[in-house]
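Starting from the structure of chain A, add chain B where the hints point.
There are 2 protein chains.
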Amino acid sequence: MNYEPPFAPRTKNMGANMIREILKVVSQPGMTSLAGGIPAPESFPLDIIKELTDIVLQKYSWRALQYDPTEGFTPLREALVAYLEKKGIKTAAAEICISSGSQGVLDAIGKIFISKGDTIAVEAPTYLGAISAFNPYEPRYVCMEMDEDGLIPDELEKVLNNTKVKFVYLVPTFQNPTGRTIPLERRRKIVALVEKYNAILIEDDPYSALRYRGEPIPTFKSMSPDHVVYTTTLSKVFAPGLRIGIYVAPEPIRRWLVTAKQGIDLHSSTFNQALACEYISGGYLDRQLPKIINLYKPKQEAMLSALEKYFPAEYSWSKPEGGMFIWAEGPKGADLVKLYWKCIERKTAFVPGKYFYPHPNQGLETMRLNYTMSDEGNIEGAIKTISEVIASGF
Amino acid sequence: MNYEPPFAPRTKNMGANMIREILKVVSQPGMTSLAGGIPAPESFPLDIIKELTDIVLQKYSWRALQYDPTEGFTPLREALVAYLEKKGIKTAAAEICISSGSQGVLDAIGKIFISKGDTIAVEAPTYLGAISAFNPYEPRYVCMEMDEDGLIPDELEKVLNNTKVKFVYLVPTFQNPTGRTIPLERRRKIVALVEKYNAILIEDDPYSALRYRGEPIPTFKSMSPDHVVYTTTLSKVFAPGLRIGIYVAPEPIRRWLVTAKQGIDLHSSTFNQALACEYISGGYLDRQLPKIINLYKPKQEAMLSALEKYFPAEYSWSKPEGGMFIWAEGPKGADLVKLYWKCIERKTAFVPGKYFYPHPNQGLETMRLNYTMSDEGNIEGAIKTISEVIASGF
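In the order they appear, the protein sequences are chains A and B.
So for the first sequence, the numbering used here puts the first residue at 1; every next one is plus one.
So for the second sequence, the numbering used here puts the first residue at 1; every next one is plus one.
One chain only, chain A, in its complex shape (with noise of 0.2 Å):
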């Protein structure tokens, strides 16, 4: 190519995502990882997706396959209805929107949202996949605090008090990345500061589904409707190959959001809509769930306890009661991506923690460990080979 392409000065905002470009490092043969962030294959309900696939040409027949309205399939709009209940939204089937994985509705926000220089304010750490999604709209990032407990209020009011920001972007059950789950009574806090200030607050809800323990806590989305964009997915409960998302919006942001879409893809796959909306209409995701979750209790028990055995006592970390995800820190100055690269001689593998934060230079003390994709003894083996690197002094 013997000219320049005359790109765009946002691509100068749009970095490879860091994480991504560790996946490629980690997925050596012979490598234990607990650097993932996908569910596991045996969640897959493999079992069923022919039966689904013969119901769905069977009822559909070739309105599986045209064109669709940007805002969803009508069939699983409608199914949703009932499954948002279960989570506490009410909503009717015209409010519920689909997208290409909840991915194409953090897209869709930043491209409605977000001029050069807008201030956005986000939980450091935070989903790095939001981040990406952002980035290319150039804004400015306002972090807040944790901690335990997720997104701590005051730092909120803090941020809203004194910054315009577009909107507040939180990850408040089971957080990619560290687990953390923000309890009801901080909540009730958050939606008042929120309501107060009239802001928007983007909640990305992927993980609640998976609970291992405990009871649910009410969605922001149920607590103040008008002012929450509410997003899912189904590719934790589901198939993520199949890119399905769900969103629920006030008017006339929800409009705002179509309208992007439709300039985006036009629509998400029609076929892959109408499998979701069998599996789910059909009563195989109830049935499904709960062997999803008999899947990964186990994992994240045997992660648990070999931290609590292995682990030294200057390391502290997160005891979610669901998700895919627990968050650990080591002493204040610990270089935990040093510590990663030691590991990965030793063919064992995480995420340092300080990828999560979209500032550099914070949280170089932390780590990610996924529980997901390894069985109960490599999950066990891992945290040691973990804990000997640490010793050791790395």
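Read the hints as simulated data drawn from the structure, not as lab findings.
Please read these numbers as outputs of a predicted model, since none were measured by experiment.
Nothing false has been slipped in among the hints.
Covered stretches of chain A, going by a simulated chain B footprint (3 or more residues, C-beta under 8 Å):
{"no.": "1", "stretch": "3–12"}
{"no.": "2", "stretch": "93–105"}
{"no.": "3", "stretch": "113–121"}
{"no.": "4", "stretch": "259–273"}
A few chain A positions that, by computed beta-carbon distances, are all more than 12 Å from chain B:
{"no.": "5", "residue": "A124"}
{"no.": "6", "residue": "D149"}
{"no.": "7", "residue": "R186"}
{"no.": "8", "residue": "S208"}
{"no.": "9", "residue": "G283"}
{"no.": "10", "residue": "R287"}
{"no.": "11", "residue": "S305"}
{"no.": "12", "residue": "K309"}
{"no.": "13", "residue": "Y310"}
{"no.": "14", "residue": "F311"}
{"no.": "15", "residue": "A313"}
{"no.": "16", "residue": "K342"}
{"no.": "17", "residue": "P360"}
{"no.": "18", "residue": "V389"}
{"no.": "19", "residue": "I390"}
All C-beta atoms in this analysis are idealised placements derived from N, C-alpha and C, irrespective of residue type, glycine included.
Then chain B, alone, in the frame of chain A:
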């Protein structure tokens, strides 16, 4: 809602697609519509979808349901090497990427190239979905005149000589909306200009497989690989509901498109890509395509002879060798939006051509006629009705 959401100024540039609004009007019962732009359901290989599903589940198992690389499903990219070679595009699997419909890559192209106020060059009229994809990035459009052989090279030279354009966007074969195809000799001139000015050409090619007569014409991509981003789709030869687009772009454009897509939707549906892979590599597409052509060819012939038989002498129309559309033009000053409303009263629909022009007040005397969605009898009846309304002076 008691507050005004702080939408980004770019939303002002994101009107609803007028064609979609028209399609809502014409979906009333009893309407004979030449307004649509979508494939006939009879063109879908419904009978083999079940077979393809079985193959996919047996061959790829859980891999067809798992997260997958942003670039696309590896076996599909491999299968597309031979598919694209038949279109004269010699490339490697690593250079072929998958998008969520071709709409998906048009949005990503907008994202990596266009900043507010940047100029892009398009044919007038042009494909409206591209305008919907580009508009949120706030470009200025330079519209280039066409004749019955598509884009006029002198028009392109004038633009490239006077203006710094980010890219030139063309649908060179059986264009939507005009059905026009740029002949080889003219393609050579256009390529020479693109190379002389080191411009980037986006070649959007959804229709070239639907050829009913005549010989295929080389793609721009085959003539100037370094200057062309080529995009096509399986929507017209498999099923649009699966949302499978394909693009081939020079490095580093490809790299940025992949990075952009990672933020937009992570990747396109693995399951649907696996279905597409088996559809192509198993020889199903080669058997289905002649059926699709046999379905559309008589419809197109019915429309061409009805136009010949009924349309008044002061109207002219394109005579494409393939695709899905015919473009008709009335005498200067004719108001075909008015004609449209009169025809709707008689339960007959088309799309007024003016909506395909990026600038208002152009193409008032033009109309787009689609023949894929009606049978031959209805096509003749609709053209007869439109002719009667024209004859009445509307």
